[in-house]
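Novice: With the hints as your guide, set chain B onto chain A.
Number of protein chains: 2
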Amino acid sequence: MKIAVIGGTGDQGLGLAMRYAKSGEDVVIGSRKAEKAENAVAEIENILGHSMKNLEGLSNPDAAVVADMLILTVPLQAQRPTLDSIKEYVDGKILIDATAPLNSNIGGSPMEFIEVWEGSAAERTVAILKGKDVAVVSAYSNISSSSLMNHEKDIDCDCLVCGDDDEAKLKAMELVNKLPGVKAIDCGGISRSRIVEKITPLLIGLNIKNRTHYAGIRITGLDNK
Amino acid sequence: MKIAVIGGTGDQGLGLAMRYAKSGEDVVIGSRKAEKAENAVAEIENILGHSMKNLEGLSNPDAAVVADMLILTVPLQAQRPTLDSIKEYVDGKILIDATAPLNSNIGGSPMEFIEVWEGSAAERTVAILKGKDVAVVSAYSNISSSSLMNHEKDIDCDCLVCGDDDEAKLKAMELVNKLPGVKAIDCGGISRSRIVEKITPLLIGLNIKNRTHYAGIRITGLDNK
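So the sequences go chain by chain: A and B.
All letters in the first sequence, in the order written, are residues 0 to 224 by numbering that gives the first Met the number 0.
All letters in the second sequence, in the order written, are residues 0 to 224 by numbering that gives the first Met the number 0.
In isolation and in its complexed conformation, chain A is listed as follows (with noise of 0.2 Å):
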């Protein structure tokens, strides 16, 4: 299987592709330009101190091509270019949406939702792809990109998973499993992350109120019946 992380040279897409490709994953970075994607993999390369041979940078559209899951990590801006990019390519895959919808988006404070027409950026990525044979997933968007970036810690968080396809839902959640510390939780269907992608802001807002970058939920009380 091979992962690719469209948009992936911001700090969110950066940490995913290089926890993924310590763990032994085949990950491609795809960005707008494909000298930019490599760049980024230049960049993960030095900080890990070492070349990876199961990381590549390749433009968004070849990108897609070749990965079996994709991981869209863009700014809500960037969503819907990025999906027109790819479109073509992504018939029989599964992408996974790691859009938080942000007041800073559009101008605004990253501490504040901003509502899409969708109900959700995860929603919108499924509107935006609609006659495709994709299953969209919403996931990442409640881990911290420092989390991510800290390569050598574990990360101290769950991740919401929401998804309508049972099936490849089950497939996201192995893969953000393979996050050391992290567990998947099933949240439900894709219109669950309309409150899921709220909790960005919520958690930002904490990481400025309390001068860190690692903020984070955990579900409880799952196992007490």
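Mixed in with the good hints, there may be bad ones.
No distinction is drawn between identical chains; accordingly, a pair holds when it is met within one copy or between any pair of copies.
Capping the alpha-carbon separation at 30 Å, the derived lysine-lysine pairs in DSSO-like fashion look like this [what the hints assert, rightly or not]:
#, residue 1, residue 2
1, Lys-32, Lys-208
2, Lys-129, Lys-52
3, Lys-129, Lys-208
4, Lys-224, Lys-208
5, Lys-182, Lys-224
6, Lys-224, Lys-129
7, Lys-152, Lys-182
8, Lys-224, Lys-92
9, Lys-182, Lys-208
10, Lys-86, Lys-224
11, Lys-92, Lys-208
12, Lys-52, Lys-92
Keep in mind that the hints were calculated from the coordinates and are not lab data.
All of these numbers come straight from a predicted model, not from anything done at the bench.
Specialist: Positioned in the frame of chain A, the structure of chain B alone reads:
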């Protein structure tokens, strides 16, 4: 200090009243009719197996008069009439709003939130009490009522607290921290309740999916500087 749990005859109110009475606070349960509040006191005494000298039942207005700190635990549809009934007596006090705007309040699913005009139930309370010298804080909406009622066990979750009056928020957080196992987390101003209140239907969904009643959240990473 006396605590009034206004509209305190449901599981959330009963649980809070029982926990605080057990921990030695002076508690009064308020209800639309004093008789119902007295029955709630009897119910708690029955659960605990003995009478409680520091717990009484009164009408909501009478409860508001005698208490210093008010906790509002009513469903959304009862928020305005209940606040109208105690409005006269809130000056100089702290009111902790525990309301979450759920679709079930208007005949839908408790796993879904609804949007109120003011942004959150807590801000709605602020609007309803406009002109009064009362400090509104929001808290408790993400603690499971079953966990509160399960009085022999510690509660395994944090409690997200929001409010614009820092002094009042601090006092509310002190009260929250008296619940065994619970840690109060300062989430910022009252408008942050727009996010916090939406976590309730997420947890209810997780309860239903996992056939439990005890889902809660913990915030991680705040001490990781």
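Novice: Each hint needs a verdict: does it hold in this structure or not?
Specialist: Hints and how they fare:
no., hint, in the structure
1, Lys-32 <-> Lys-208, "neither (36 Å within a copy, 42 Å between copies)"
2, Lys-129 <-> Lys-52, "neither (35 Å within a copy, 64 Å between copies)"
3, Lys-129 <-> Lys-208, "between (40 Å within a copy, 28 Å between copies)"
4, Lys-224 <-> Lys-208, "between (35 Å within a copy, 12 Å between copies)"
5, Lys-182 <-> Lys-224, "both (19 Å within a copy, 22 Å between copies)"
6, Lys-224 <-> Lys-129, "neither (39 Å within a copy, 43 Å between copies)"
7, Lys-152 <-> Lys-182, "both (15 Å within a copy, 25 Å between copies)"
8, Lys-224 <-> Lys-92, "neither (36 Å within a copy, 39 Å between copies)"
9, Lys-182 <-> Lys-208, "both (26 Å within a copy, 16 Å between copies)"
10, Lys-86 <-> Lys-224, "neither (43 Å within a copy, 40 Å between copies)"
11, Lys-92 <-> Lys-208, "between (40 Å within a copy, 26 Å between copies)"
12, Lys-52 <-> Lys-92, "within (24 Å within a copy, 64 Å between copies)"
Checked against the numbered hints listed earlier, the structure breaks hints 1, 2, 6, 8 and 10; every other hint is satisfied.
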